[in-house]
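If you read the protein sequences in the order shown, they are chains A and B. Our numbering puts the first residue of the first sequence at 1, with every later residue one more than the last. Our numbering puts the first residue of the second sequence at 1001, with every later residue one more than the last.
Honestly, the hints are just simulated from the structure, not real lab data. Cβ coordinates follow ideal geometry from the N, Cα and C atoms, glycine included. Do not take every clue at face value.
[Unchecked claim] Simulated crosslink set (DSS-like; lysine-lysine; CA at most 30 Å straight-line):
1. B:K1002 / B:K1160
2. B:K1333 / B:K1002
3. B:K1109 / A:K39
4. B:K1280 / B:K1269
5. B:K1298 / B:K1160
6. B:K1280 / B:K1298
7. B:K1267 / B:K1280
8. B:K1280 / B:K1333
9. A:K13 / B:K1280
10. B:K1333 / A:K13
11. B:K1280 / A:K39
12. B:K1160 / B:K1109
13. A:K13 / B:K1109
14. A:K13 / B:K1160
15. B:K1333 / A:K39
16. A:K39 / A:K13
17. B:K1267 / A:K13
18. B:K1298 / B:K1267
19. B:K1269 / B:K1002
20. B:K1160 / B:K1267
[Claimed, not checked] Residues of chain B clear of chain A, computed beta-carbon distances all greater than 10 Å:
21. E1006
22. R1022
23. T1104
24. A1108
25. I1117
26. L1162
27. T1206
28. E1218
29. N1265
30. V1289
31. A1313
32. K1333
[Said to hold, decoys possible] What follows is a list of derived Cβ distance ranges for each label pair:
33. A:M1 / B:A1300: 34 to 42 Å
34. B:L1278 / A:A58: 27 to 35 Å
35. A:D7 / B:A1130: 28 to 36 Å
36. B:Y1314 / A:I25: 42 to 50 Å
37. B:Y1368 / A:K13: 22 to 30 Å
38. A:A50 / B:P1321: 50 to 58 Å
39. A:A58 / B:V1315: 56 to 64 Å
40. B:A1110 / A:I25: 38 to 46 Å
Residues per chain are reported as follows:
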Amino acid sequence: MRLGRVDFGGVVKEVNLAFLPEADIGDFVVVHVGYALAKIDPEEARRTLALLAEAGAAAEAAS
Amino acid sequence: MKYVDEYRDGRLARSLAAAIARAVDPSADYHFMEFCGGHTHAISRYGLEDVLPTNVRMIHGPGCPVCVLPVGRLDAALRLAGRPEVTLCTYGDLMRVPASHGMTLLRAKAAGADIRIVYSTLDAVRIAEAEPDREVVFFAIGFETTAPPTALAIRLAAAKRLTNFAVFCNHVLTPPAIQNILESPDVRALGRVRVDGFIGPAHVSTVIGTEPYAFFAEEFEKPVVVAGFEPLDVMQAILMLIAQVNEGRHEVENQYVRAVRRDGNSKAKADVAEIFELRKSFEWRGLGVVPYSGLRLKEAYAAYDAERRFGIAYVPAADNPACECGAILRGVKKPTECKLFGTACTPDTPMGSCMVSAEGACAAHWTYGRFRDRQRRAP
Ligand code: SF4
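Using the sequences provided together with the hints, build the complete structure.
Here it is, written out as structure tokens:
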């Protein structure tokens, strides 16, 4: 069973990769009770932040 | 932390709050339920209710694994732990949940029962391997996120041909619970919980994907937005729900696109499907008996099923009558409406499950919400 070392903002913990065999070094992952469940998609993360900024900017421009 | 701090940015939160304020129709009311305890915690911790317009109300849902476990199931675990040959392995947050007669796993342990806290399901398998003369039972609870690790432990125990490992399975499913809330008599007869839309769980959805919510979004005409656990994620999800309500839409949308895929995690789903099957019904604290909402081990894995192995018959048991957890889990009451809140019941002396888990509505409100209530009352 593959294990990985995951850095939680400075605290490194061993995480089981059984459900995320494609996880690789440098990936960001969502972890629940010691298991990695999903990989963070950097492109989608960037797009979400852009959307957030856009919604906020539209509100500021209108007020 | 990357992918966390960005979603907690205070300036962006303020402008998002302004966007929400502009989006709401002042003549309308919006009632949204966050199903998941992780969202309940985030909403309390970041004080999101304080920045929402007064006509947007958040209702806490039943998605707190420790909270929804009914007393009867906890009693059964205590009976198991009382058998001299049994070592009961459990996640730490179950230790202090009150069962019948004020009993807890913690008290049983102090009285000599062999109860051990594990961090991962595989720790329980390791104990069974290391101590072949003990009957090791893993007390499995939780939603679709914790079922895959339990399935993996059973597969591993089977591969190792362990004969002294079993699982007391209490895994439950999110979609049937949401459906139950929408169909519950409280909603229909009393009209007390009005829910106009749901914030869908983050971690659960990484496993099951967004597809399973499509049925009741359509059937009950309620929008669902799956959201991440950070405050900006929740605020964006609320904005998306408001837009759906305003436009008369009821779709499943995904705010947490950076982690949730439409089909979820196929590896985890396959492991669960290999080991578990649906129970005809399962009792939840607060929701009562919900059809097809729980999992049990398949016949092929009966040897690892503690219920079959130890002949555990389920005996329903009453909640502490003064505790309002049930009504809180259905969304019809708030923690402060419980007479025991903050007096007899605090995280140090929990009287009900909602005060034990950090994801419970009472614990979240005690930790983060109390001082806000006080501020609001002060002139
Ligand atoms: S405050 Fe305590 S007793 Fe009251 S509902 Fe919450 S957990 Fe139950």
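Okay, the hints, checked on the actual structure:
1. B:K1002 / B:K1160: Answer violated: K1002 of chain B to K1160 of chain B is near 39 Å, above 30 Å.
2. B:K1333 / B:K1002: 37 Å, violated
3. B:K1109 / A:K39: 39 Å, violated
4. B:K1280 / B:K1269: 20 Å, holds
5. B:K1298 / B:K1160: Holds, at roughly 19 Å.
6. B:K1280 / B:K1298: It holds: about 13 Å lies between the C-alpha atoms, which stays within 30 Å.
7. B:K1267 / B:K1280: 25 Å, holds
8. B:K1280 / B:K1333: Holds, at about 29 Å.
9. A:K13 / B:K1280: 38 Å, violated
10. B:K1333 / A:K13: 39 Å, violated
11. B:K1280 / A:K39: 34 Å, violated
12. B:K1160 / B:K1109: It holds: about 29 Å lies between the C-alpha atoms, which stays within 30 Å.
13. A:K13 / B:K1109: 28 Å, holds
14. A:K13 / B:K1160: Given that 30 Å is the threshold and the Cα spacing comes to 26 Å, the pair holds.
15. B:K1333 / A:K39: The given pair, whose Cα atoms are some 37 Å apart, is violated under the 30 Å limit.
16. A:K39 / A:K13: 17 Å, holds
17. B:K1267 / A:K13: 22 Å, holds
18. B:K1298 / B:K1267: The given pair, whose Cα atoms are some 18 Å apart, holds under the 30 Å limit.
19. B:K1269 / B:K1002: 28 Å, holds
20. B:K1160 / B:K1267: Since the Cα atoms of K1160 of chain B and K1267 of chain B sit roughly 21 Å apart, the hinted pair holds (cutoff 30 Å).
21. E1006: E1006 of chain B is in fact no farther than 10 Å from some Cβ atom of chain A, at 6 Å.
22. R1022: It is violated; R1022 of chain B is separated from chain A by about 6 Å at its closest Cβ, not greater than 10 Å.
23. T1104: Non-interface label on T1104 of chain B holds, nearest chain A Cβ at 21 Å vs cutoff 10 Å.
24. A1108: 23 Å, holds
25. I1117: 13 Å, holds
26. L1162: About 16 Å separates L1162 of chain B from the closest Cβ of chain A, which puts it past 10 Å; holds.
27. T1206: With a cut-off of 10 Å, T1206 of chain B comes too close to chain A, as the shortest Cβ separation is near 4 Å.
28. E1218: With a cut-off of 10 Å, E1218 of chain B remains clear of chain A, as the shortest Cβ separation is near 25 Å.
29. N1265: 6 Å, violated
30. V1289: 27 Å, holds
31. A1313: At about 29 Å from chain A, A1313 of chain B clears the 10 Å cut-off, so the statement holds.
32. K1333: 29 Å, holds
33. A:M1 / B:A1300: 34 to 42 Å: Between M1 of chain A and A1300 of chain B, where Cβ atoms are some 22 Å apart, the hint is violated.
34. B:L1278 / A:A58: 27 to 35 Å: Given range 27 to 35 Å: violated, Cβ gap about 45 Å.
35. A:D7 / B:A1130: 28 to 36 Å: For D7 of chain A and A1130 of chain B the Cβ distance comes to about 30 Å; the hint holds.
36. B:Y1314 / A:I25: 42 to 50 Å: 46 Å, holds
37. B:Y1368 / A:K13: 22 to 30 Å: For K13 of chain A against Y1368 of chain B, whose Cβ atoms are near 25 Å apart, the range 22 to 30 Å holds.
38. A:A50 / B:P1321: 50 to 58 Å: 52 Å, holds
39. A:A58 / B:V1315: 56 to 64 Å: 57 Å, holds
40. B:A1110 / A:I25: 38 to 46 Å: Holds - the Cβ-Cβ distance for A1110 of chain B and I25 of chain A, about 45 Å, lies within 38 to 46 Å.
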